[in-house]
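K.L.:
Letter by letter, the chains look like this.
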Amino acid sequence: MPPDTRPKLAVFKFSSCDGCQLALLNLEDELLSLAGEVEIAYFLEARSRILPGPYDVALVEGSITTAEDVERIKAVRKDSKFLVTIGACATAGGIQALRNWQDVTEFTRAVYATPAYIHTLEQSTPISSHVAVDFEVNGCPINKMQVLEVLTALLVGRAPHLPGDSVCMECKRRGTVCVMVARGLPCLGPLTQTGCGAICPAYNRGCYGCFGPLEAPNSDSLSAQLLRDGMQRGDLVRLFRGFTGFAEAFRSAGDKWDKL
Amino acid sequence: MASENAKGEKTVKVDYLTRVEGEGGVYVRSEGGELREVKLNIFEPPRFFEAFLRGRSLQEVPDIVARICGICPVAYQMSAAHAIESALGVTPPPEIRALRRLLYCGEWIESHALHIYLLNAPDFLGYESAISMAADHPKEVERALRLKKIGNRLLAILGGRSIHPVSVCVGGFYRVPRRKELESLKADLLWALEASKETLALVSRLPFPSFAPDYEFVSVSHPSEYPMNERRIVSSKGVDIDPEDFEHVFLEEHVERSTALHSVRTDSGSSYFVGPLARINLNIDKLMPQALAAARACGVSWPCRNPYMGIVARAVELIHACEEALAIIEAYREPASSRVEFKLHAGEGCAATEAPRGLLYHRYRINDQGLVEFAKIIPPTAQNYRRMEDDLKAILPGVLDQSEADIAQVCEKLIRTYDPCISCSTHFLKLRLERG
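Chains as they are written, first to last, in my numbering: chain A, 1 to 260; chain B, 1 to 436.
It should be emphasised that the hints constitute simulated quantities derived from the structure, not laboratory data.
Just so you know, not all the hints are guaranteed correct.
Pairs of lysine to aspartate or glutamate, EDC-like flavour, derived with a Cα cap of 16 Å [to be verified]:
#1 B:149 x A:134
#2 A:78 x A:29
#3 B:39 x B:390
#4 A:256 x A:220
#5 B:139 x A:29
#6 B:376 x B:247
#7 B:139 x A:220
#8 B:39 x B:253
#9 B:286 x B:267
#10 B:149 x A:30
#11 B:149 x A:28
#12 B:237 x B:267
#13 A:74 x A:134
#14 B:413 x B:389
#15 B:393 x B:31
Extracted from the complex, chain A is given alone in its bound form (with noise of 0.2 Å):
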């Protein structure tokens, strides 16, 4: 048999609930085929064979928060050649950086009865906060179609197309009503990424920004809207302290709301 060539691909897990690397087995019609075109090395949630590095492309799932983990990502990336995060807690630290704006101590002594038996670091921290990352997928989840269109981009050798515009776009696109103009339900719509198709207003709720961040948005401006409309500083703050709220223009606008 001649020796194979397929690229080598590699699955690796830090703190996280496991949904993202799931949107790949999720990827019913083109799994069979993804594992036909790349070597699967590494992906302990679906397979018992294990194949050393180098890999040629590592999907990263899950934020950093032990001291152990710090080391292991090095060392993926040392043995990565294209390191990608997959997901909002690989990307921005994910619901866990709640506990950034808050006394790690005091949580382990609230959820465990021996806190002497739990090591864990203050900060969850998202993957490039540690190693360089190449290409970041958003969402909590991600979109699996996104996965798959930045592994065949790489396969055949070209840049990765993800969309960069806002949800509000999306929601226009698939004909959704606005549902902050129309019934003035609070929406972070406007500063968030598209890559989810605007699920949440076309299910009649406003947006909670689980794909992060815009790269430029208008976090003030919305701000002020929502607070003329009636909502409370408090509420505000924890719109923007959700899935990805550790991202920088969601950690930045919360923060200051929350100071105010």
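Using the hints, position chain B against chain A.
P.N.:
Structure of chain B alone, referenced to chain A:
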């Protein structure tokens, strides 16, 4: 990896629990060929959900707790919504109740198809993964993927997307589906019902190790329905309680080796078993007719105490979920309102629902602003950890003379039958074996 310490005890470390959700390990120590100690170690980094839920608005809770598990987010949304509704004294109308069962059917189909074919079947058929298995069993793997896709499509219609769906709220749903949306699923679900029966035929013929401990099975139980969202909690050893009494009868312990808490019976300190096998053993007569007939005819005698046959129980529930989904869709009339309005007031409430992998208990205390003051979440896998250890203690003495790789395989195979969601933890079992 093997090493010897000063006392001449042998230490073995093997990295591996693959094909599970989460990060954990096993520590095994033997002396002179005798098993001395078995411990399950859970390394998944803590994420502190119960702590950061405090101060969040009650309507944010179903969205946040979904993120505990990407494989069973609906279970977390269901237990949270029901617990908070109990605190507020809210009872959703029958149409909403039925839609919630339909949503759960979608999750059971997706999760069970994943576990049966992609995570568990390779153990019995001698493959390292479904990807390798596909070369020799293309029909079965294609069936698995299509089943999973149908479950996911049902979730996406009801919830917008299959992972972390967005439609569940306290009081009901943000949006209910149009009848024609659900009808578009009927042909697929009819196919899935037949495919589930083929699945049962396949898995009930697998070669199962003989093993039948004296388990205490625990599940939710309802007088007229197969357990999902309501109502009491029962066991095969006489427990029959309201969810309000759950924390009196069952106790969570914090053990040194684990970032997860381990549950036991409060009075005896003994382990118990939750999951599909427990549900069927305690509620077999509530299965839908075709699922019941198939369960009776598949060659397994119920109640079944062999944990390896959890895969058979999952296949029976796969039939049930397809059958019930079809029945709910058939009877569906679009409700006038998607949710019950409620007045905010302080209160405390709890609920237990049946996640694909077993009973999931939540309790919340809410203040008069509608903010969470206290949250407690007891996932099914935490309830099964002690039971897995007890099983390993019973099995390992018979295999200690085997190679480390074989011992690791025995441990993994047993643990995988529980469909652990350690992610509700990570991905590998580190087997540490010390032989004296």
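K.L.:
Next step is simple, just say for each hint if it's right about the structure.
P.N.:
Taking the hints in turn, this is what the structure says about them:
no. : hint          : result
1   : B:149 x A:134 : 31 Å, violated
2   : A:78 x A:29   : 32 Å, violated
3   : B:39 x B:390  : 9 Å, holds
4   : A:256 x A:220 : 10 Å, holds
5   : B:139 x A:29  : 14 Å, holds
6   : B:376 x B:247 : 10 Å, holds
7   : B:139 x A:220 : 55 Å, violated
8   : B:39 x B:253  : 14 Å, holds
9   : B:286 x B:267 : 30 Å, violated
10  : B:149 x A:30  : 12 Å, holds
11  : B:149 x A:28  : 6 Å, holds
12  : B:237 x B:267 : 13 Å, holds
13  : A:74 x A:134  : 14 Å, holds
14  : B:413 x B:389 : 13 Å, holds
15  : B:393 x B:31  : 14 Å, holds
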